[in-house]
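K.L.:
So the sequences go chain by chain: Y and U. Each residue of the first sequence is one higher than the last, beginning at 1 in my numbering. Each residue of the second sequence is one higher than the last, beginning at 1 in my numbering.
Distance ranges between label pairs, derived from CB positions:
1. 351(U) x 147(Y): 26 to 36 Å
2. 358(U) x 147(Y): 35 to 45 Å
3. 174(Y) x 987(U): 27 to 37 Å
4. 322(U) x 118(Y): 46 to 56 Å
5. 388(U) x 84(Y): 40 to 50 Å
6. 138(Y) x 351(U): 39 to 49 Å
7. 118(Y) x 1030(U): 48 to 58 Å
8. 147(Y) x 798(U): 31 to 41 Å
9. 173(Y) x 972(U): 32 to 42 Å
10. 388(U) x 138(Y): 34 to 44 Å
Below, a list of computed lysine-lysine pairs in the DSSO-like style, where the Cα atoms sit at most 27 Å apart:
11. 135(Y) x 414(U)
12. 391(U) x 148(Y)
13. 156(Y) x 135(Y)
14. 148(Y) x 414(U)
15. 390(U) x 148(Y)
Honestly, the hints are just simulated from the structure, not real lab data. Yeah, the Cβ is synthetic: ideal placement off N, Cα and C, and Gly gets one too.
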Amino acid sequence: MAEVHIIGQVVGGSEFPNQSLFCKWGIHAGGAWKLIAGTKEGQTQVDIPENEDFAYWSHPIDVHYATKGLQGWPRIHLQVWHQDSFGRNELYGYGFIHVPTSPGCHTLECVTWKPNGTFQEELMQRFVGGCPQLKNPDLVYSGADRYKLHTTAMGKVHLKLNLVFRNFDKYGVEC
Amino acid sequence: MDAETLREKLRARRRAMNVTMKSDAPDTSVSENTTTGIEELTVGSSMADEYKEEDEETFRSVLASRREMSRRKLEEREKEEATNETLLDALEDQNAVDELLSSPRPQAPASNEITSPRDDTMSTDGTPRARVGQHSALRNRLQAKLQAAKRAGSPSGETSKPPRSRRLKDRMDLSNRFTETVKQHTVMEEEVLLKRIESKLKWKHAITEARASTGQPSDVDCYDFFTKQYEDVAVEEEPAREEQMEGVDEERTEEEETLPPEEQPPTEEDAEDEVEDDQKKLISDVIPNELDWRLFHITAASYPGYHAQLERESLTYFVPSILPTDITKKVDSNTQPRYLEDEGFYVGEKPLVLSKNKNILENRFLRQPDLGKSWFGADGEVESLPNPVKKSSTKPWVESIEDVDGSLVTIYTKACEEDAQSKYLKGSEENELQIDIGTVVFHHHPLMSREHVLASNINRLYDEYLQKRQKNYVNFYTDKLAALRSAVSSLKDSSMLISNSAGVEAHETRINDFTAEIRRTSQQLNTAESSERDLMRGIIAEWGEIKSLRELQDFTNTTTKLTVKREEVNQHQDQQRWDQEVESEVREKKEEYDVTIVAPYKERHRKYQAQLQEWKRNRLKIKQQRRRDQRGSKENLLDAVEGDEDDEGEIMISGNVDKPQKPEKPEAFNEERVRIEVKNLLLEHRRNPGEDRISLQLTNTANITPVGGVPVGESSRRKAMQKSAIILKIVFNGKDVFLTEPKTLTSDFKLHFGSIFRVRIAQWPESLKVQFLEAGLVRNTTFSETFLKVPDVTVHSGNVQLGMVPFVSERVETFEHEGVGSSTPFTLRQHDTNPTSISTKGQLICSVSWGLDGEGHVLAPKGLTNNAADPLNVINPSQNVDPVSAIGAEGIQNPESLSKWVQDSRLDPNDPENAALIPFMESRQDGHGFLYAPDYFRLEQLQEEFNFIADEEFARMNRLRILQLRNEEVNEFRNMTMIPSQEHEVMDSAFTVYERRLREKDSLQVIADRKLDRGMMSEHRLEVLRFRQRVKDAVLHRFYASRHHYTFLDMVHEDQVPDIGTLGASVGKLVEPRRPLKPIRKERKKATAQTLSEGSVKILVNLVRGINIPTRQTPSDVTTDSGTTNPTLPGHNQASKSFLVAPFVAISFQDNVVTSSVAQGPSPSWNEELQVPFFAPNNDYSPSSLQTVDDIIYLHLFDRIVEESQSEEDSSITTRKMQNHWLGSSRIPFSTVYQRGKVEGTFKMKVPPVLLGYELEKQMTPIDPRDRLDIPLNESGKGTYLTLFITLEPTLKPMDPVREKFASQEDELTLHMSATYLSLCNRKYPQRNVKTTVIDMKGESVLVTRYVHPLQPPLELTEGSDPGSLATAEKVARFVSLIPFVSDNVAYVGVCDLWGTCDQFLHMLCGDEEEHAVLLLNYFLHLGKRAYLLLGNAVPEGNSAYVLTVEETTREYFVWNANTGQHYLATDNLSPLKSIGCLVNGDNIWFNIQPHDQPSKVRFELTRGADWKPFFTSKFPRPPTMQSVQPDSLFYVTTDRSYVSRLTDSIERTLKEKIMAWRPRHVTRWNRTCNSLLLQILRNLEQNLNKRNQGEVNHGEQLLRQLGDVKFTGFPMDLPFTDMDGVVSAVRSTEVHKMQDPDVEFSLAVYVHPYPSSVLAVWIYVAAIVNRRRHNL
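This is chain Y alone, in the form it adopts within the complex (with noise of 0.2 Å):
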């Protein structure tokens, strides 16, 4: 049975248009991967910095899977959200990233976007907050047919994960 352990942090997102942003992350296995222990998804808490153009998080991630086959190799999902004066919440990013196939520490940045709405939305998003949202989260990581959106880019989100693996080459594989 070969084995990944993710450990690391959800470190922060940088170059968003506004600060005060908190992260909903998750991650997703194919059929094959089985949750050992951990959570595979959270939440994490807003930051709001004060001088910086950089939010921190340092949300920890610590994840154990097993798993019988290659396919389905996990990815972690990523939704920046923004919480405005008011309390109120409002999406500024989707991204996802694969987590990597070689062990050791990895730094990575996912970049994040956001979908466009149609004018009026565009409009009432300036004024009163709100945003377009996929109606089907999933196709962040999943859709095919994402081509067809339209989409603004908004900033990245900092990951630190050092991985484990066991096992790969009881099977042939070489990680």
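Given chain Y's structure and the hints, the job is docking chain U onto it.
P.N.:
For chain U alone, kept in the frame of chain Y given last:
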């Protein structure tokens, strides 16, 4: 500048230089430094040459001569050091060495010099010189080495050698360098320099002279003393130096020549001084002082000027012009520029570049050597690619929205705050509920007249009748019966034709199946027909009532009219059919008889016959054998043996077989009797032959008498009816959403609304309520409400059907007029004696469904599913009847599961109800099942093929499984550490406990297995265990789900910022007394789980004092005849003189026992602090783990008896025997200490009712000592007490109670009121215990008053005694106290305080204070007492619940501890109850707002507003419809007697085994005669408890009389039965078994007194008997 003067100066300077050189470096050896010095000199002079060309010649000659000189010297050296030559040569060739050597050379500051070609030549010239330098330097080093080696051999230095200095030369060079820099500057400076040199020289002379005169060595000598390397070649150097000196310069001045002789003497002196005073001066002291001025020189910042700078720059920089270039330069001079575009070629658009930039670029290209030809195109422009930037976007804009995939649609969400409870639906979907309110039908209404009541009855019956008719069961069953019968007969016919046996057999089974079916059907037919007939009879009877009523009152109020239709039948035919029916029934009975009775009998008989034959044969053989034995014993032995062996076996076998029993012959079939039975049955159930077929029809055609023709009462009723109007209000999630128009009542009490309301919802549907309002003038009053079910997702407006929802109102209404009112008694019929009372009720015909949008989508919220079944619910949906209930609505949508269900349930195809399912059945018949296309796609393609291992193997991974279970926080694996890293290291056995628990959930058998003795577990107890487990699982599940909800405070810990208040407090501290007279215990810091480790937590017990401890009886009291003369107890006698008792306390906890010191007297004062170590389970000190610690701190009170006996032989030897006698014990659960942090107070010890040899000190007048033996258990205020303080060190942080808000069935207003009430109470007296809502077993909060409801106690307790008497109350209290106590914290891991209802409590047979108190209270209420539930604080349990009873006659208030069964007067100061928080009964809650809360100081007049604050007030009255959560009555299972006796045996057996096991070193003898005696005493004790006023038996005396002269230690104990372990540990704690007397005998009696509902009182009498007489012998 004048050339002549310059030349002069230069010369002078050169001279000066040479002078310094010579003076400072008289050493003739050529070193690298000298060479560089020379070189630099030349460089420097070369600069001078720039000024004057003529000097060149002279300079050259100087240089040449110098070179010559050094060369010569070199040659000499080479000769001298032939040994080093080879090495040197090798080194010479290396350039690297060259560099190495040149690098330390001080470089001339070349940056400032303007390079000149001369310079270059000089450097090339310099190469040989550099070589020379190389040589010399290397040589120097090598020489140094050689010398060092030689000196090591001959330490005596040669003094005659001239001193040489390297370092000094370095300095010299530095000076040279500086002079050079100086030279670059003005001539003026040079003059200054010259002057300086001169002055310096003068100064130097002065010094040397001074030194010479004083005998000091010169500085050079001093330097040489340390640095010189003495060489043996030095002698030969002398002449060389002379030569050099001569050949160096002809221009040498006189000063120069004077120097060498001067130099000489110090050198010689130096040699002498070297030994004499080498201490005098260090070089470092001398050199820096002298030469410091040479190290730096300050110059002014130079500024050459801007223009000069520009000029200089213009020489090096090139600034391209921004002006356009000449085109002719760019193209070949002989060609014209060519414009390709003009010629028709496509050139593309060039990127836009500013012309200025382009010009600059072109100008630069033109500067290239080839004029940048390759850069320019034919047109003279810079060649460039066309502009790559696209103007328009490459990505096509997807215009049509239809193209977009459904999953890609984005939705706009408003920025909104997320509700923490996620009440709201996600997204902005439209969710619409459609509520169709059809008709309200009142089955009873207060405004109904009697006739209406009857009419509604008849309507109801008629509806039922119609329903039956519609289903037409009678016809269906009749047809079915006929069909079955014909089938059977045809089968029988065909069976004749079938020949083979298998066919016959199959045939027979089919026939049997059919006949069984026939029997069932005919029974069903009977019931169906008889019920229909009953209904008809009922209707007709009711109709008769109505008619008679109408006649009586002389008017008609209802339109109801019944028509009876008779259908004549053919008498003869009917009779014939009936006879036929009878015949066939009889025939079937006969067949049944044949099949069920005769056939088995035959079978049995056949077997019997066979067995008989066998048996007979055996008999015969035996007989033959015997005969043969007798005869052949003398014959051939061998034969006999063989034969014996053969036959023996047979005989043995056959001998064992008894003669087979002949089966009883069954009774013969009595056809006549059966016929009569059948006939009777048919007459009873079915339509009799010849009877008319009757059908009923109820019409509404009767005329209602108009208002004119009715009496006054009736007309006023009608008026009232017209006035009264009903409004319906729809409430969704507690919010009003709709109000219908008011509808006035019609005479048939049906209100037709017929309106559909659409409710668009944004919250998850939780409740949907319809309120029935009665329209009033001012405001509408709600008289009833009913809940509608939120429909399934599949129910939408297209497929919904109207359904009936019943509603009931319990409002009491009475009228003056004819209206019968509701919930109020009235006589319905004239001749009725008992008045009937009907509450308003009816049905609402309505439907609720989800709306449909334009495209037919159901507008139901996503994810709405039916909540999973409550784990407490054990309803088994009837699998067979209704597909919806069997497989659920979703299942019906799925054709596969539906067809499967159809197959499984074997529906009757002829049943009209199953018509809809026929297609599914048909498909089943052709054996293919339900077919549909495999319409699927594979989610994970090729997953299987690429799997590393198979799924099964995956599942078998034990290590991963452990990890997973640990992650899921499964009990057995939570907080597990050290899980092996290798798969094979994980044992399968790791799961056994867990798997067993899983199995236990389903099967009871396993629990029984776990308990060693199966006999111990009665059926009831097993069920209790299972129920308890289920509740625990459900509660735990909920708890774990909610435990991960953190609040802000859990995550962020912020220290309070000091403000003015805290500042003031700290200032105030200064004024506080250091040692206050009444110290207050300060709150200690709570330790967190992380900092704790094993052994760091202790329980501190501060034992203060004991009160009223039983004292030893003087022996004369016990044994009047022999006590005083008893010589064995001299010590005892002695002791009893000094003190009455020597008590000490042993605290046992978790297998640790800590004892206090032994004190003296009945009221000892220990004042001692004891520490008991505490170990957490699995070393896990987290709150969640500590919650589950169910260990108990036992406090045992012992008396230590020291017996001293002097041995007979030697009077000096005194044997001292210590014995501990148990006096009593008390138990405090650890959970109490943990939850409360400390336990403090005076506790009553549980002292056995009879303690032989001890008596309780009584304060009252002494009575006859014999009577003291029996101290009644319940005599209040006479107990033994201990004053204690128990706490934990360090304080552990108790787990915060779950703050989850619980769902509630109470309405919002009540909940709100209760919250405000609680906060008001807590603000006033935060310490007092008050509760308004509590959490029930389902996890819903319930108003506490709902728990109060009179309940009937078990009959045996109240039988034959006055229900109001105290004795009965005590009996009831005893019963309640016998139900085992388990703290909620332990049972539910600190989830919360759960209140079970009384039936749950009795069912679970365990509970904590509240359950006990509530049960006792309810019993008391039933007994007619005025009683209240008292919530307060008590020791040791803290917040507790007691029962308060009021004796109406004596105005006495009793406080009952339901847990122990004790009761105290409210004025009793020693009662464990310490404060009263609030009182509760079924109607109200009263909070104690008196300043005092001690029970003795509290006034109990609840009506006084100043003392008690009620919950329900006139402003907020108690809702009239408040129902109790308690059942109406309790069902008591009678306890199984046989189980009790088995239990008694097993307890006795176990205890005996245990006692023997505890005394491994002694023989344990049992005194059997005593056992029966003790048992008798126990029985008496139990009875005495019940009837304590009927005289007590002095059993001690009885015992002693029976046993004679013995020393007897022992006592009876009674305890509620929980399990065997509890009993055993209770016995062990008394330490009776520790009697060490060799002659001790033990006696044990166990008596279990059964109470109803498996409540058992266990009495145990353990006694140790020492026969004194024998002992004395």
